[in-house]
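Asker: Sequence:
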Amino acid sequence: MLGPVETRSVSPVFVGRTDELDTLKDALARAAAGEPQALLLGGEAGVGKTRLVEEFAAAACRRGAVVAVGGCVEIGADGLPFAPFSTALRALREALPEEFAAAGAGQEEELARLLPELGEATSSRHDEQGMARLFELTVRLLERVAAAHTVVLVLEDLHWADASTRHLLAYLFRTLRTGRLLVLASYRADDIHRRHPMRPLLAELDRLRTVRRLELARFTREEVARQIAGILATEPDPAQVDDIFERSDGNAFFVEELAVAACQGCCPGLPDSLRDLLLVRVEALPESAQRVARIVAEGGSTVEYRLIAAVAQLTEDDLIEALRAAVGANILTATTGGDGYRFRHSLVREAVADDLLPGERSRLNRRYAEAVETDPTLVPADARVMRLASYWYHAHDAARALPAVLDASVVARRRHAYTEQLRLLERAMELWDSAPDEVRAALRPVDYTDVYPPCGCDPATTPLRYLDLMAEAAVAGRFCGERERALKITKKALRLLQDEPDPLRAAWFWVQRSRLVQALARGDGWQELANAQDLVRGLPPSEVHADVLANVAGWSMLHRPGPEAFAAAERAVEYARMVGAREIELNARITLGCLMVDAGDVESGLAETARVMETALQEGVAHVAGRAHVNLPSELESVGRSREAVPILREGIAFARKYGLLDSEAWIWGNLSDSLYALGQWDEAAEAASGALGSAASAKPRGSGALRLAHIALARGDAAEAGRQLAISHAHYGTHDPMPQQLLPIARIAIGVAAEEGRILDARVELDRALAVGFPPGTQRYGWPLLLAAATTEADARALPVAADGRADVLDRLAQAARKLTTGAPVWDAYERWTRAELHRAHGTDTAAVWSDVVTDFECLDRPYDLARVRRRLAQALLEEAAGDDERDRATELLRLAGAVADHLGAHPLAEAVALLAQRARLTLTLPHARLRSRGGTPVPRQALDPAESLGLTNRERDVLRLVSTGRTNRQIAEELFISPKTASVHVSNILSKLGVAGRGEAAAVAHRLGLFPAEPLTAEARG
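Residue numbers for the sequence shown follow the numbering used here, beginning at 215 and rising by one.
In case anyone wonders, no lab produced these hints; they're calculated from the structure.
The structure presented is a predicted model; accordingly, all values stated were derived computationally and were not measured.
Beta carbons: idealized from backbone N, C-alpha and C, even for Gly.
None of the hints are false.
Per label pair, the in silico range of CB-to-CB distance:
1) 452 to 1027: 43 to 49 Å
2) 1107 to 1027: 33 to 39 Å
3) 531 to 675: 50 to 56 Å
When you get a sec, could you build the whole thing from the sequences and use the hints?
Answerer: Right, here's the structure in full:
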């Protein structure tokens, strides 16, 4: 029955310890190279030393090392002599019997003191040199065994080691010089008290430059979460992680115990077995020391000496004696500053506190609270409010606890500690009904609320209501990522408002619910906003009314941009100014600025958004400033001003991190990825997209990161990875809140993936879905890339039979969509021209003039990849029109430039298309044939003995003769060289004349006889 429990309590996932494991692996590599290594691994009990050793041992075995482990055994006060060495040597002998026997040959009797299996120990006289001799033989034995094999010797639990073991270890560390040997010794750092015999040894080893000492720290909260997930085989609840992290202080062993206890449904206190274990040493203290320990246990993680004295009410001598006993037993420890005391481990404190009687606990907390209120200097000023709230709450005095807890919630809010604020507000709601009426009547919203609008009441004179607390808690939950808890609070509040009709308050809660539903991907939030609109319609201007309008405008900007959204934003700004709602005004102005840009008033819209960002920063409105850092560079990117957007985005990332705006940071990362992609910095763009995935608290920002990674992967030719990231993006975005800014880019990538995989009909299905959604005003930044992708797909599939059916209809619909979609910026003017050029190519009517105009447009923009793509198209058009040498030279230069960009970006499809086109046209991209130059710039002479040149053949005639020699007709030559059949016929006539032959057969014979051309077929037309 115990086996499954023990197994489940250990996480199968190795968590953290990256730096320590890297250090050990580095030491192993050095040892394998013949440089022996010595390391000490310290850490408190349960911190994870053994697990780290196990992981390292497994890694060492995988690298071919022999691992021998020995551990000290605790029996009373002393351990068994040489126990860890004996065990390790036994394991080493079993692993390498022949090498071990050869290394110990002739010294078996002496070595039998450590390993009795070697024979009878010698009965020689014991003298002062006997131990040194044994030590020397042991060291030499290890060196010899490790001469041909990498050996890892692990000695665990040195805090229990006997004196002989400690001495042998010291000798080994001091004298080890050769061999592929690594010695790793572990110990419990918290057990090494001042008089522990290990302390002198550690001091001695610290002085040896050959010994490295590692100290394992406790886990961070993130590492605890990963450990719990491994134990439970599922993602834990964040509240449970917070609870276990707080109670365990990151100690891995205690995390295991608490996680299993929680999983098995134990009581909320500590498991009995662990509590009993932790209380053993406490109960061995004198009674006065136990009493002081109980007092400190209820006082907090650290308790000031003067506060302990005030609560204990002992004489100073008795108090100091009791503290000395507790400190000497390693139960309590003095703080770094020396003005207070704390338990060595928080779980020891919790075990002591859990052992208190209910009345005893509340009495101690009341004493603490009264002492602090009597003399506030007993605790630091910055901790006073929080401490009082805790003391009065645990004293079970609702009348005193409610205002104290509310005061603490205000402090938490001011520090942006929203998780703590939410916890305190939930505690206040718990106390609400228990507090006397006169206490509640004395509370005022102005003192305790911040986000909830007055709703027609004077917050300075109107009593605080329970709904006010729910409003604060809902917003705190949204801010700290506890959206499920916040959603439950709003649901409960709206139920209460059904019994007490208050349209303004109800509208406010509907707005909060809309935000939460969207953040949780449970819906688009419009119905909630519609409910709020209905509630405020016809009411006079108010802060709630302005907030509803601002949210409607913001929602419409993302879902249904247009005149109605613009009007809502203008009214929101007007109402907010009328009622002095500054933050609502700033938010509405951001929305209005973005809508102005989308409507074509670019400069005014950008200027307005920039002014709002500057104002929000100056006034310290963090969430508005965070939103401005998302939207302003996004609007810059929407008009092709990527380079201006990048510095704002980088500033925004730092700002969002400073204020803990996780989702804002994720959106900023995603926007940064877009701008860097446009600028041709794809590696950095991929890193930014990964940043969006890693920093987001909500689903949608993660979806944006995955979508950007899909875009980059597709451009680099990895359709499988693009498809995988696209699926991840779909999963994060969900299906309940469709937005054009998400649906259209998803459709564009889906079309690209389908085209790359040859699924033309699937690409058309994606196009149909996108066209059904349409392109609302302001979505041209998403619409033009999508239309371009679809037009390019159709043009590339022009010769495919599978694409013939329905092709004309698709092209017609694309042309209609292009005619309706606006541009509004040079970049989208260029995209419009590009899209129309691809439609010409799909019809087979594109020309060099058409593509030349597109290239001219993009040469004025800072988008190297787009420019490279259209340059390649222009080069193809020039070659298809059977131009002369000047046009071929131009095509060569265009392809050279496009290929250089493709190679730099890792855009493999473009690079391959450029190379194949150059190969078909017989172009040399590195050294253009018309003006050859060496690296130093000097002309490179042509080969003097070139037969073709001696015959007077031009470069084009050489190309034609090559095809004639392979039996091609004039029409086939024209197709291969992108010239007309008539031009091909003229070239053939000239060749016959220069060679002095009568026909094609003779010309081919001359070419083969002179060895003018290798037997190499031309490549088919490039795709892309």
